[in-house]
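Participant: Each chain, letter by letter, is given below.
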Amino acid sequence: MSDNTQKNMLRKLLMRTQHKSRLWAALLALCIGTTLLLLSVMIWWNFRELLYGKSQNDTLGSTFLIIGKRVTEQNMGVANATVFQQTDIDSLKLAPQVQDVGIIGANHFPVYAIMGGKLPLATDLPLESVPDKFIDNMPADWKWEPGSRSLPIIVSSQFLDIYNYVFAPSQGLPQLSENSVKSIALNLKVGEGDKSEVFLAHVVGFSDRIGSVLAPQSFIDYGNKMYGKPGAATAPSQLILKAKDPSDTKFTDYLQRRDYATNSQNLRWSKIRAIVEVVTSATGILALLLMGIGTLVFILFIELTIAHAQHSLTLLLQVGYSPHYLSRFMIKRFLPLVFGTVIVSMVITIVSQIMASMLVKSQGLVLPLVPGWPVWAALVVSTGILGLLVTKSISGAIKKQ
Amino acid sequence: MKLSLQGVVPVPLREKVTAGKSGMWNTSVSFNKGEYVFIQAPSGTGKTTLIHILYGLRKDYTGDVKWQDRSLTATDNETLAGLRTKNISVIFQDMRLFPELTAWENIDIKRRLTNTVTESEANAWLDRLGLQEKKNSIGKTLSYGEQQRVAIVRALMQPFEWLLMDEPFSHLDHANTQKAISLILEVVKKHNAGMILADLDENNFFPYTQTVIL
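Which chain is which? The protein sequence lines are E and L, in order. According to the numbering used here, the first sequence is numbered sequentially starting from 5. According to the numbering used here, the second sequence is numbered sequentially starting from -7.
To be clear, the hints were calculated from the coordinates, so they are not data collected in a lab. Every residue gets a Cβ at the ideal spot worked out from N, C-alpha and C, and that includes glycine. Careful: at least some of the hints might be erroneous.
Pairwise CB distance ranges, derived in the manner of DEER restraints [as the list claims (entries may be wrong)]: (1) E/308 to L/194: 47 to 53 Å; (2) L/120 to E/23: 31 to 37 Å; (3) E/351 to L/124: 48 to 54 Å; (4) E/351 to L/111: 40 to 46 Å; (5) L/124 to E/10: 51 to 57 Å; (6) E/396 to L/130: 34 to 40 Å; (7) E/23 to L/136: 30 to 36 Å; (8) L/203 to E/400: 23 to 29 Å; (9) E/308 to L/124: 35 to 41 Å.
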């Protein structure tokens, strides 16, 4: 009670101002600046979470990609121009973000697939092989030994999609589920004329990672040795990379410098990431500018209030009030306003995070409901700096009296 | 707490003082706690300047002023605030009340800073100086005489070892001056404090022990 009476008297003497609109403008600018800052940090962090977070964002977090040397007018028809030498592979292993490099083997022998029964399909079929550790959804029976007539193959999921959604409807053929495809056997004729063999191939799995038909490495080696065309290139023309962050610009720059081509699907995130980084950086800079202006106007308002109360301040100091006591009194009046704007900004950020989380959930992606730690860190740092500036300006202005 | 001045010359009075020593300027003088000092001087000789220097409001002087062993020129504002709430009180010639506060608030804002005088005691002192009816009047609406009496009561709202007074009764009539001096002497004795009164003429009611003529 006693304390309140004294505070009321001090408030009457020191907190007189006729410029409330300036105060509201400063607080609004501070609030918008802080909100924008927190939102830009939130967006940047959310995007990181979507790309590399530990949640189940597999489609975004894909870390495997296939590369080849780009075919251009200059290297068309030039022998070995688009194959990878050992030095290329060694260099790639040391490239930014690259964790592992696998060679994609290809058949250098003719392969002809014939499907009987209700599906009268016959086609030349290129086969590829990759080291087992690069295969997603590794089937249990993924092996082949010379002498075996049965050949397991893995087909790209895209093939099944093309068949089901494009080819089958146009030809009046039945659509097929993954399991029904696995139950179908197809004859695979390897080699030409008298020098040929027929294998009974069956699909044992589907791959989202590889865009072709995979056969076990041992089969490709066997076919190349037995039926391969003499003089065919033995160096790989495609490599599969395991990259920690394929959207890292250092990595994409590396590929670009060497003119390596890859499926843009995996790198599209680097473009989006670059856009997000530009947008968040621009928003961040704008936010810092707004915060700076808001802080400046707020500090000017404080100094104006103190200047307005100069006579009272001088008298208070003369009757024995210490500069420290008066500074503390003023700080206690102004800091809650700063904290109020920060709380409003934080509430807006939390609501935005919840909305973002719900929005991406409908896309099958996962984002936490609470903003990530960088948002809280930005909040603490910006509030600390704001508090410090306000405290310093009040102490400084009172010391001048 | 002993007060000592050594060769103090205010910058604005330098030319006047160099013509010859005068009173407390440019000399060494000291006063002990409990002394009642009367500084008599005509207008323009530096009474107010002296009170302001002793209270630490002015630093534009040469020489040294010491409260006990502490030199005022080397005293920071925080320490000065401590001195002004525990050791030295002042009645300004121009009263220096807060014009937007009531008579009571002007007293109370000082009383609550030190919490050494009770509310009833402060009320009683206000009553003794005939200000009860003006208690809730805004400072700027009070007459000079009323303002002076409020300033006197406000100066007594703290513990002190020295009370500095700059023409404190200039706007008071004979009766009110007598009442004010009576109250001041009572409180000064209670604190076993000393007083320095700067005024134009000798005051019959002020029992000084030492006179200095500026």
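Participant: Now tell me, hint by hint, if it's right for this structure.
Facilitator: Comparing the hints with the structure gives:
At roughly 49 Å, the beta-carbon separation of residue 308 of chain E and residue 194 of chain L lies within the given 47 to 53 Å, and the hint holds. Remark: the range hint 31 to 37 Å for residue 120 of chain L to residue 23 of chain E is contradicted by a beta-carbon distance near 44 Å. A beta carbon spacing of about 53 Å between residue 351 of chain E and residue 124 of chain L agrees with the range 48 to 54 Å that was offered as a hint. A C-beta distance of roughly 44 Å is found between residue 351 of chain E and residue 111 of chain L, which places it inside the suggested range of 40 to 46 Å.
The hinted range of 51 to 57 Å is not satisfied by residue 124 of chain L and residue 10 of chain E, whose Cβ atoms lie roughly 22 Å apart. Between residue 396 of chain E and residue 130 of chain L the Cβ separation comes to about 35 Å, which falls inside the hinted range of 34 to 40 Å. In this structure the supplied range 30 to 36 Å holds for residue 23 of chain E paired with residue 136 of chain L, their Cβ-Cβ distance being about 34 Å. Range check, residue 203 of chain L to residue 400 of chain E: Cβ separation about 45 Å, and the 23 to 29 Å hint is violated.
Between residue 308 of chain E and residue 124 of chain L the beta carbon distance is about 39 Å. The supplied range of 35 to 41 Å therefore holds.
Checked against the numbered hints given earlier, the structure breaks hints 2, 5, 8 and satisfies all the rest.
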